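Undergrad: Plus 14 on top of the position in the sequence shown (first one is 1) and you've got the numbering used here.
Honestly, the hints are just simulated from the structure, not real lab data.
On a predicted model such as this, the values are computed, not experimentally measured, just so you know.
A few of these clues could be false.
Listed next, the in silico EDC-like pairs over lysine to aspartate or glutamate satisfying Cα-Cα at most 20 Å (straight line) [unchecked claim]:
(1) K148 with E122
(2) K115 with E38
(3) K33 with D65
(4) K148 with E131
(5) K115 with D125
(6) K33 with E43
(7) K115 with E101
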Amino acid sequence: MIKRVSHVNVFVLDQDRAKRFYTEQLGFEVRNDSVLDDFRWLTVGPKEQPDLAILLAYPAPPMFSDEDAETLRGLVAKGALGGGVIETDDCRATYAELIEKGVTFLQEPADRPYGIEALFRDDSGNWFSLTQSKSFQAQPSPAPS
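Produce the entire structure from the sequences given, and follow the hints as far as they go.
TA: Here it is as structure tokens:
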């Protein structure tokens with residue numbers, strides 16, 4: 015029986031640059047950075063979620079043919095791929111913090127049926143949803159009696 019997801023990948027155009035972006039701008043920590051044959055295994059993750067590793071993978075052989083790797087790198091550079099949803103407990107505050115750190119946003123925080131969402135790009139072009147789900151939103155104080 016499947017118990018959990020431990021690793022996901024995000025294709026990046028430059029692993030060193032991506033490592034700096036994910037650690038210095040997003041505040042993730044490096045989980046692993048090693049070379050296996052000709053493949054660099056570089057993983058990062060949110061400090062508060064130690065059981066998840068994000069593989070920052072450069073599309074190249076032997077994972078892909080030269081032609082497919084070039085196509086995939088082109089899609090990443092165009093911003094055609096989404097990297098996923100990153101949760102925060104305060105979307106507007108995190109948005110302001112990330113703007114200060116130079117993160118490029120495609121959309122400012124906006125109210126959605128599921129919470130508050132902003133969209134940003136990583137340094138390679140992948141877009142992410144920065145989301146404050148309704149379960150994290152502050153509940154209004156009860157009216158005085």
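Undergrad: Hint by hint, say whether it matches the structure.
TA: Right, here's what the structure says about each hint:
no., hint, verdict
1, K148 with E122, "17 Å, holds"
2, K115 with E38, "8 Å, holds"
3, K33 with D65, "19 Å, holds"
4, K148 with E131, "11 Å, holds"
5, K115 with D125, "23 Å, violated"
6, K33 with E43, "9 Å, holds"
7, K115 with E101, "18 Å, holds"
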